[in-house]
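1 is the number of the first residue of the sequence shown in the UniProt record's numbering; add one for each residue after it.
Hint data in this document are derived by calculation from the structure and do not stem from the laboratory.
All figures in this text were calculated on a predicted structure; none of them were measured in a lab.
A hint or two may mislead.
What the hints assert, rightly or not - SDA-like mimics (lysine to any residue), calculated; alpha carbons at most 25 Å apart, straight line:
#, residue 1, residue 2
1, 9, 255
2, 9, 321
3, 322, 204
4, 9, 320
5, 322, 301
6, 9, 54
7, 322, 49
8, 9, 51
9, 9, 313
10, 9, 56
11, 322, 298
12, 322, 256
13, 9, 104
14, 9, 53
15, 9, 46
16, 9, 52
As the list claims (entries may be wrong) - Pair by pair, the computed Cβ-Cβ distance ranges are:
#, residue 1, residue 2, range
17, 262, 25, 53 to 63 Å
18, 81, 195, 43 to 53 Å
19, 110, 271, 49 to 59 Å
20, 81, 286, 17 to 27 Å
21, 270, 82, 48 to 58 Å
22, 121, 22, 15 to 25 Å
23, 314, 47, 16 to 26 Å
24, 219, 20, 53 to 63 Å
25, 81, 258, 43 to 53 Å
26, 80, 266, 56 to 66 Å
27, 204, 80, 50 to 60 Å
28, 22, 266, 56 to 66 Å
No residue lacks a Cβ here, since even glycine has one placed at the ideal position from N, Cα and C.
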Amino acid sequence: MLAARLNVKTRSLAVEEVPTPEPGPGQVRVRVAAAGVCLSDVHLIDGSLSPLFLTGDVVTLGHEVSGTVDALGPGVTAPAEGQRVLLQAGEERAGVVYTRGVDYDGGWAQYALAAADTVVPIPDSLPFEQAAILPDAVSTPWAAIATTGEVRPAEAVGVWGAGGLGAHGVQLLRLAGAAPIIAVDPLPAARDRALAFGADFAFDPADAELPRRVRQANGGRGLAAAFDFAGVAAVREQAVACLAAHGRLVLVGLTDRPLTITDGTAFSYFQQQVRGHYGSEPRHLTELVNLVAHGRIDFARSITDVLPLTAAQEAVDRLIRKEGDPIRLVLRP
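Can you make the complete structure from the sequences, with help from the hints?
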């Protein structure tokens with residue numbers, strides 16, 4: 001089969017022929033129909049992210065995967081062959097969470113293996129391209145909003161970074177009843193997209209009056225919650241300046257830069273909080289599939305383009321250059 005393989009030592013990506021894997025005990029083999037291209041994949045390629053548990057130097061990328069069950073391993077009785085599914089972005093082994101496409105082979109391939117208990121059935125009404133992005137691009141902001149951020153209806157919320165995660169964050173905050181939703185992004189196209197996706201206001205972070213504008217948009221009050229989807233150090237301090245008393249800053253975007261809070265006294269006096277967030281839990285994916293199946297939310301606008309697996313490097317380059325202002329590029333084997 002064809003697979004897009006990354007050598008984590010040389011950081012070289014190549015689409016090559018590899019043996020089609022056979023499912024072992026407790027595993028299923030999935031014929032991949034769609035696989036998302038994520039900034040995490042870019043970070044693996046550029047070396048800013050490295051696998052913690054990978055055996056060897058080469059891995060098939062891709063942690064956002066959907067397809068059909070092709071074969072069952074010994075002892076597996078469900079899901080049935082031919083079932084349409086998506087795959088959770090990782091699996092737990094001996095109490096440790098391994099990430100698909102990072103610590104073990106992922107879905108930038110014609111076939112992928114998965115532990116049977118990490119396979120989530122999807123309805124016929126959910127296109128594979130949209131299903132593929134749920135395991136990270138959608139479930140990560142959903143978990144950040146519903147669980148880590150504990151957003152409640154009518155709370156004022158800010159979204160810094162309206163790219164892939166942030167754009168979905170805006171949609172999901174709208175679903176959760178947040179009001180108002182204030183998006184902050186340096187790109188005019190991203191701000192326009194945030195408004196189209198349900199934000200009530202969209203501001204430029206370069207505006208020196210941003211904290212005042214945020215409060216003005218919320219009747220003179222600060223934000224109950226602010227989400228950093230950008231992973232930019234300067235964003236975090238700016239977001240803190242926009243928080244209300246007891247406001248919480250949720251860190252979703254990843255960065256290796258230090259977290260600084262200039263006015264620590266005010267931060268403590270107003271009893272504000274910083275909450276780290278990473279990924280999602282299996283229940284978040286199940287919730288999302290249910291919400292999509294019942295027509296509560298739609299992600300058709302999130303699929304910027306679909307490319308063949310052989311164009312994996314082109315997809316990565318387009319994401320790096322932000323060509324076409326992509327929300328999600330998807331590979332189709």
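Hints, one by one, checked against the model:
1. Only pairs whose Cα atoms come within 25 Å are accepted, and residue 9 paired with residue 255 is accepted, the gap being roughly 21 Å.
2. Distance hint between residue 9 and residue 321 is fulfilled; the C-alpha atoms sit about 24 Å from each other, no more than 25 Å.
3. Restraint check: the Cα-Cα separation between residue 322 and residue 204 comes to about 18 Å, which is no more than 25 Å; the hinted pair holds.
4. Between residue 9 and residue 320 the CA atoms are separated by roughly 20 Å; this keeps the pair inside 25 Å, and the hint holds.
5. For a cut-off of 25 Å, the pair hint linking residue 322 to residue 301 stands: about 17 Å separates their Cα positions.
6. Distance restraint check for residue 9 and residue 54: the Cα-Cα separation of roughly 12 Å lies within the 25 Å cut-off, and the hinted pair is therefore satisfied.
7. As the CA atoms of residue 322 and residue 49 are separated by approximately 19 Å, the hinted pair is consistent with the 25 Å bound.
8. For the suggested pair residue 9 and residue 51, the alpha carbons sit about 11 Å apart, so the restraint of at most 25 Å is met.
9. With a C-alpha separation of about 17 Å, the suggested pair residue 9 and residue 313 falls inside the 25 Å cut-off, and the hint holds.
10. Between the alpha carbons of residue 9 and residue 56 the distance comes to roughly 10 Å, so the proposed pair stays at or under 25 Å and holds.
11. Distance hint between residue 322 and residue 298 is fulfilled; the C-alpha atoms sit about 23 Å from each other, no more than 25 Å.
12. A hinted pair counts as satisfied when its Cα atoms are at most 25 Å apart, and residue 322 with residue 256 qualifies at roughly 21 Å.
13. Taken as a hint, the residue 9 and residue 104 pair is honoured in the structure, with Cα atoms around 15 Å apart against an allowance of 25 Å.
14. A C-alpha spacing of about 14 Å is found between residue 9 and residue 53, which places the hinted pair at or below 25 Å, so the restraint holds.
15. Between residue 9 and residue 46 the alpha-carbon distance is near 11 Å, which keeps this suggested pair within the 25 Å criterion.
16. Between the alpha carbons of residue 9 and residue 52 the distance comes to roughly 13 Å, so the proposed pair stays at or under 25 Å and holds.
17. Separated by about 55 Å at the C-beta atoms, residue 262 and residue 25 satisfy the suggested range of 53 to 63 Å.
18. Hint check: residue 81 to residue 195, Cβ distance near 44 Å, so the stated range 43 to 53 Å holds.
19. Judged by the Cβ atoms, the range 49 to 59 Å given for residue 110 and residue 271 holds: they are separated by roughly 53 Å.
20. The given range of 17 to 27 Å is respected by residue 81 and residue 286, whose C-beta atoms sit roughly 22 Å from each other.
21. Separation of residue 270 from residue 82 is about 56 Å and conforms to the stated range, judged on CB atoms against 48 to 58 Å.
22. For residue 121 and residue 22, the Cβ-Cβ distance of about 23 Å falls inside the hinted range of 15 to 25 Å, so the restraint holds.
23. One distance hint, 16 to 26 Å for the beta-carbon pair residue 314 and residue 47, holds here, with the actual separation near 20 Å.
24. Distance hint check for residue 219 and residue 20: the Cβ-Cβ separation is about 60 Å, which falls inside the suggested range of 53 to 63 Å.
25. In this structure the hint that residue 81 and residue 258 lie 43 to 53 Å apart at CB holds, the actual value being about 50 Å.
26. At about 58 Å, the beta-carbon gap between residue 80 and residue 266 stays in the expected band of 56 to 66 Å.
27. Taking the beta carbon of each, residue 204 and residue 80 are about 51 Å apart, inside 50 to 60 Å as hinted.
28. Taking the beta carbon of each, residue 22 and residue 266 are about 59 Å apart, inside 56 to 66 Å as hinted.
Checked against the numbered hints above, the structure breaks none of them.
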